[in-house]
Amino acid sequence: MTQERRIRIFTWHIHGSYLYYLSRCNVELYIPFDARRSDRYIGLGTTFPFGENVKEIAAEEVRNASFDCVIFQSPENYREDQHRILSEQQRKLPRLYLEHNPPQENPVFNHHFVRDPEVTIVHVTHFNNLMWDNNGVPSVVIDHGIPAPATTYTGELSRGIVVINNLSQRGRRLGSDIFEAVRKHVPIDLVGMGTENMGGLGEVLHPELPEFLKRYRFFFNPIRYTSLGLAVLEAMMIGLPVVGLATTEMATVFSNGHSGWIHTDVDYLVDRMQELLNDREAAARMGLAGRQIAHERFSIERFARDWDQLLHRIVSEAAARERTPVEQQADASVPEPAG
26 MTQERRIRIF
36 TWHIHGSYLY
46 YLSRCNVELY
56 IPFDARRSDR
66 YIGLGTTFPF
76 GENVKEIAAE
86 EVRNASFDCV
96 IFQSPENYRE
106 DQHRILSEQQ
116 RKLPRLYLEH
126 NPPQENPVFN
136 HHFVRDPEVT
146 IVHVTHFNNL
156 MWDNNGVPSV
166 VIDHGIPAPA
176 TTYTGELSRG
186 IVVINNLSQR
196 GRRLGSDIFE
206 AVRKHVPIDL
216 VGMGTENMGG
226 LGEVLHPELP
236 EFLKRYRFFF
246 NPIRYTSLGL
256 AVLEAMMIGL
266 PVVGLATTEM
276 ATVFSNGHSG
286 WIHTDVDYLV
296 DRMQELLNDR
306 EAAARMGLAG
316 RQIAHERFSI
326 ERFARDWDQL
336 LHRIVSEAAA
346 RERTPVEQQA
356 DASVPEPAG
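For the sequence shown, the numbering used here puts the final residue at 364, and the numbers step up evenly by one.
Careful, some of the hints might be misleading.
[Stated by the list, open to error] Here are the in silico distance ranges between beta carbons for each label pair:
1) N131 <-> R195: 11 to 21 Å
2) H108 <-> N159: 31 to 41 Å
3) E105 <-> A271: 34 to 44 Å
4) G76 <-> F237: 17 to 27 Å
Please keep in mind that the hints were generated in silico from the structure rather than gathered at the bench. What you are looking at is a predicted structure, and each value in this text was computed from that prediction instead of being measured. Even glycine gets a Cβ: it sits at the ideal position worked out from N, Cα and C.
Take the sequences, apply the hints, and build the full model.
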């Protein structure tokens, strides 16, 4: 796979950390920007150390460029942006919709707004794929993948840590009430953009997170209903033990008492947090088991293989459909090489 040329992908900067990990695949990514660096058109931004295979392209120049496929990542990308900046020919390229979220309005009866059978929906968890009604549109699941940092867990700080951006604005779904309830009983810090109004520590830039997190005794994920957060996996990858709700994909990742603690009883989780605060060695053992799971299931190498296989398949299938009947007949008439 690595000997094949890079597939040229046009997509938008929607989730920076996912985009950064996607850039680890055998691809060239083209990311649009406009003069105001407005929402969805910020280009590469300044947070992530993207490599030479990730390139900015002015929004007005997109229709003149050559791509192999298009990846939509938000409803606006699909409903509005493609019609505004892609050419008619580019809108006929192989297309994927990367769905980052479970259904919001109703967890069971939501129809996905993508209804074009020529678009493949890529879900980031099996839970999301299970809950969305995909309308018969082809769908696949590619589990998250993240690189293993050099940093590893130390756990000397007898506190927990929560990593969520703008928690106060995102309410019950992201567990703002659960965070408030837990910190009445357990010393716990909050980091992320827009967290200062909840007594949080503010943003810690993504490249600096592993070094910042490693000192904390445990990581707490108070989120009721969302995809499996990359912050959870990044904590696991450094060996930071995770405590969280036994909902969505989280229920498939952790084995209680071994690789983490998950439950739907918050009081139960508070008791487990206090145990971790009182036993640093047990916390380290649990974190090590979680780290092993992260390496086995969520490695960046597996993630890159899955994406490379999907991209090459949809591009090659599209190329085969475009061949003329004469070309197809010529291919069929080529004799097999002698054994």
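request  = Of all the hints given earlier, name the ones this structure violates by number, lowest first.
outcome  = 2
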